[in-house]
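For reference, the chains in residue letters:
4 protein chains.
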Amino acid sequence: MIPVGILGATGMVGQQFIACLTNHPWFTVDWLGASERSQGKAFRDAAAWRLASPLPDRIAKKVVEQAAPGNAPKLVFSGLDSSVAGEIEAAFAAAGHIVVSNSRNYRMEQTVPLLIPEVNADHLELLRCQSVATGWKGAVVTNPNCSTVVLAMALAPLRQFGLKTGLVTTLQAISGAGYPGVPSWDILGNIIPFIGGEEDKVESEPRKILGTLKGDRIDYHPVKLSATTTRVPVQNGHSMSVSVGLEQRPTPEAIIDAWNSFRGRPQELELPTAPPQPIVYRAEQNRPQPILDVNSDNGMTVTVGRLRTCALFDYKFVALGHNTIRGAAGAAVLNAELMHKHGIL
Amino acid sequence: MIPVGILGATGMVGQQFIACLTNHPWFTVDWLGASERSQGKAFRDAAAWRLASPLPDRIAKKVVEQAAPGNAPKLVFSGLDSSVAGEIEAAFAAAGHIVVSNSRNYRMEQTVPLLIPEVNADHLELLRCQSVATGWKGAVVTNPNCSTVVLAMALAPLRQFGLKTGLVTTLQAISGAGYPGVPSWDILGNIIPFIGGEEDKVESEPRKILGTLKGDRIDYHPVKLSATTTRVPVQNGHSMSVSVGLEQRPTPEAIIDAWNSFRGRPQELELPTAPPQPIVYRAEQNRPQPILDVNSDNGMTVTVGRLRTCALFDYKFVALGHNTIRGAAGAAVLNAELMHKHGIL
Amino acid sequence: MIPVGILGATGMVGQQFIACLTNHPWFTVDWLGASERSQGKAFRDAAAWRLASPLPDRIAKKVVEQAAPGNAPKLVFSGLDSSVAGEIEAAFAAAGHIVVSNSRNYRMEQTVPLLIPEVNADHLELLRCQSVATGWKGAVVTNPNCSTVVLAMALAPLRQFGLKTGLVTTLQAISGAGYPGVPSWDILGNIIPFIGGEEDKVESEPRKILGTLKGDRIDYHPVKLSATTTRVPVQNGHSMSVSVGLEQRPTPEAIIDAWNSFRGRPQELELPTAPPQPIVYRAEQNRPQPILDVNSDNGMTVTVGRLRTCALFDYKFVALGHNTIRGAAGAAVLNAELMHKHGIL
Amino acid sequence: MIPVGILGATGMVGQQFIACLTNHPWFTVDWLGASERSQGKAFRDAAAWRLASPLPDRIAKKVVEQAAPGNAPKLVFSGLDSSVAGEIEAAFAAAGHIVVSNSRNYRMEQTVPLLIPEVNADHLELLRCQSVATGWKGAVVTNPNCSTVVLAMALAPLRQFGLKTGLVTTLQAISGAGYPGVPSWDILGNIIPFIGGEEDKVESEPRKILGTLKGDRIDYHPVKLSATTTRVPVQNGHSMSVSVGLEQRPTPEAIIDAWNSFRGRPQELELPTAPPQPIVYRAEQNRPQPILDVNSDNGMTVTVGRLRTCALFDYKFVALGHNTIRGAAGAAVLNAELMHKHGIL
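Protein chains in written order, with this note's numbering: chain A, 1 to 345; chain B, 346 to 690; chain C, 691 to 1035; chain D, 1036 to 1380.
Derived by calculation from the structure, the hints in this document are not laboratory data. Please note: incorrect hints may appear among the correct ones.
Below are the DSS-like pairs computed for lysine-lysine, each with C-alpha atoms no more than 27 Å apart in a straight line [unchecked claim]: (1) C:LYS854 / D:LYS1376; (2) A:LYS214 / A:LYS201; (3) B:LYS569 / A:LYS164.
Sequences and hints are given; from them, build the entire structure.
Structure, rendered in structure tokens:
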């Protein structure tokens, strides 16, 4: 078993890392790092466990350490808040750790892979230049924003049809905002048509993810994106209404087939967290729905539906993914699994 | 006081007509018509009152009659289900009644006005041809679908800027589906990305509403629309994310000013149900929100917000309106008020 | 594998039976019976599948038959609506079938076991008299109402302390009302303080379940119960606030120990659906909570919490259980497993 | 017009005071006090307005001052957090102000009236002793906890029947926890069976309110109360299931009549905020419900329903009231109106 650490272990992403790694066949959580307030306490005293899956006893008793390199194992997952992630993750990478981060800080850095293993596993190659550019002995690898993952996965198989444009309105679950996150006063029976910083990420991150590795850099994909992001009273699952322009005007059947047959390195390598079919098209006219589809294949599948022609672009459809699993902790674990198979850990 | 009747009085739209007309300064509900099942019963025995506003005692005791012309007053509001509205409304119109209908059946008929009084009050002129075309002694006037009203009002002031295209994703309240309507099983903590028949209405009705009266017909507005309609766990208020193409590329300030200064015949005529400012732009970045904005001016105001440039069209924004008031019962009452001032009743 | 049939297969309880029996180690669904409307159709065409767990392909293709004995296997689970369950279940029992029913029709019949296997497995003995009393070649065995199960399980370990009285207010999930069940209009952001027929069941059924087998009949337990049942906007999980009078005034520790150490025949026999610890006391002051606790051990565990002295009775506490699993389909499957081990099938 | 001040003006209770006092016929908000962070700022810059009713322009521009006596008018409403209310309210009272407080700090003090004007207006007499006991030149008057108000009002008319015991389970709205209050993560589709400190208040405060003024002190009412308080996903309105023991075993009709005919000093004096009928019994079996009944008479009416015999006590019923109006801001305003009519201001 490979020992792993968790940075920001007491926060919600940290807790989801713990949940995702319980019973993992390769990785075992061996080290927990958090802010000063938690240091020296047993995890169960440092954190209020807020997930339905039980907190493993072994973790409950583990003492939380300072979020600094030293005792941590080589591989650390980072669920740090972006206000501190930049500095701490750099410190770990400099000290030789492999930081698999869910934070946004380094996502758009030129030599940092922004990975969805099914889509751009080859971007891992950036790591060769990362050490040169940064002087880090270790490395930082990131996964995208929770809405970006869903959008980028749904768009990836459409690149073959000449993907030009994507206009998206998201309906995002409250778990995406962490804890305490969205006050119930604001969201019960309500819609909040704004999420700070989100639209920028959704419009920019997919262009890097869908881009092409050219030597030591990524040629961004030319797709033009426009996003409106909203918060809805849903526990888990980001839904999105998407219109796309496709130069080659494929048939609907070709698009559905492109989605359903889409596979990537995780499926090839049979990574433990990989879903057998990463994108599933549901033919029913009222799907995908969060409460019915969000947990498909342990939350790692993106579900699409309602493909139809758009009067303004070529096609429109609805996509859904689990924001804290496929969009956060599960995404990072899949990244680490890919790296392990590539001999990077 | 002008006596009015309500067709489909026991249904949810009928109940909302009763609520909207309680204490109305001009109209007094004098006749209730419903299906066979309810005939001969006092209203309170025929219908389960489901609104928070109290059922007036006078209505509670009134006996429900057959939904057929005869005893009904000249002006009848129709909240009939579309499965029966076609035939019954025609029978009333043929018998000389003025039918102010919320049903979809006649909305797109060439000689039937599809009215939003602030937007196209002049379309009332169609009535001159309606009697010729139909042979009816009376008339049918309609209001749009509950989502259409919100969209068409938000778009109306943009016609001056060369409105070309509109792409909209709606987030619609459950009250739009009537009673029993959406099962809680389906919508609690969930999103349903489909509403039967809704997208067609949202794409077609605004073109008639925004169109121009040319002699005895409406020249449809050339705007091209594409809609995705979804159901969300909100009690009242349809929200929508809208992107628009505008030939003249106005400044944001010009658009906001066009919205805020927009007035129509109802404001000019000071109709009792008219809001003082039909469209209100909120500058806060997280508005409009259903629970905060839906009841503005008794639910007759459309609230817009979040105007910003769109990477694919020219601008994008969010709009919100009360679906059962501005989008249904209040819309019809405003239509009747307009007709009264025009001497049609 | 033992073939089993499902009566009322297209309804929500029927669907939950299918879900609970997918991958069951002993039982395999071999026959589906439903109302005339569904007969002759493949299940997927007869029923809209409304559960998040996938509909097994094998079941999707199976043709639904008439809800009449004949082709059905010996063991049938009944999720029939109570309006028809009485007659149909009797017909099956008369024809020699073992009917494991979730319907309320026969629960309080003198020779029909009303089972919670952990609590009153010995009541199965009633079956010896059932055939005499009814002339049935087969048998009917029932599980309690979904709220009763949770209450009766929480009370069972308290019998040893001289359980005299129980006053309960329930907060029941919408899934308890089936589909379409509770309109979202009525329950979104709301409480409905009434559930038809529910309070009677909650006050009477536990007295039979907690009663003592005396020869060929059950001596009802003398506990006096008073219930108020309410509907809350929760998907799954009935919560209840309970105050109890206990003659022997045990310590809180004794009560908690009685709950945590409670085991029954299913644990002894290691039945496949049996939870390892049927009642779990959570020491945190804000538990049990539906979204955190309802799925404990696949929804078969009852969670209790907040034990404290009551100013009017002796103790008060909160209990929670999964209403469609522990309170319905899972309960019936556990009953069938018990019967199988007792050689009754 | 009488000028009034608001302590804790930027908080949620403060905002509700502003909303309740907009258009008040006697009182005009003239002074806003809040914590250091807000001082010197215009209200609109110091506070995020979170209510659906519009923030009056006059208040928006008003500069927030230090929460210290000095410039404040004689009458101040306090919505201060209990962590600071004790000291600040005392300072104001000492300086000669009349503090009408919603905070819990002084509620149970012997010489502080804990008022529900319909129930115990005579307790105002305590003020005569308050200055002696405290040395304050001014005074402090309090209203009860938001759940207590509903319970105590429902119980008040039952005193005549020999009220002995009351067992209550509450289902409390999220607005009772203020802002940001309950995280949506915790309450969406969920029940939290615990509210810190709430059960103590509900069990103790009614005994003072229902008590009898004897000279310069209150003889507490002997009713024994036991409470379980829970949080439910409802925006506004605390519901409660109540069982009561009544020595004289009245008929149900007598109880309903006692509720419906209950009137107090506010009705006698025709206070502006007084509802015409403070307690309304709804005969429908599924009432009261928050979304239908909470706003009755501007949120000042308590609605009761479902009266029936209890197998353990004498009767049980359900009660509902608006927690932020009847249970907080409206309660305090009614207290001030009563005091004004009694010449205390």
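Worksheet item: Does the alpha-carbon distance linking C:LYS854 and D:LYS1376 stay inside the 27 Å limit?
Response: violated, 52 Å
Practice prompt. Given the hint that A:LYS214 pairs with A:LYS201, test it: the Cα-Cα distance must not exceed 27 Å.
Written response: holds, 23 Å
Worksheet item: Going straight from one Cα to the other, do B:LYS569 and A:LYS164 come out at no more than 27 Å?
Response: Judged against 27 Å, a Cα distance of about 20 Å means the pair holds.
In the structure shown, a violation is registered for the earlier hint numbered 1 alone.
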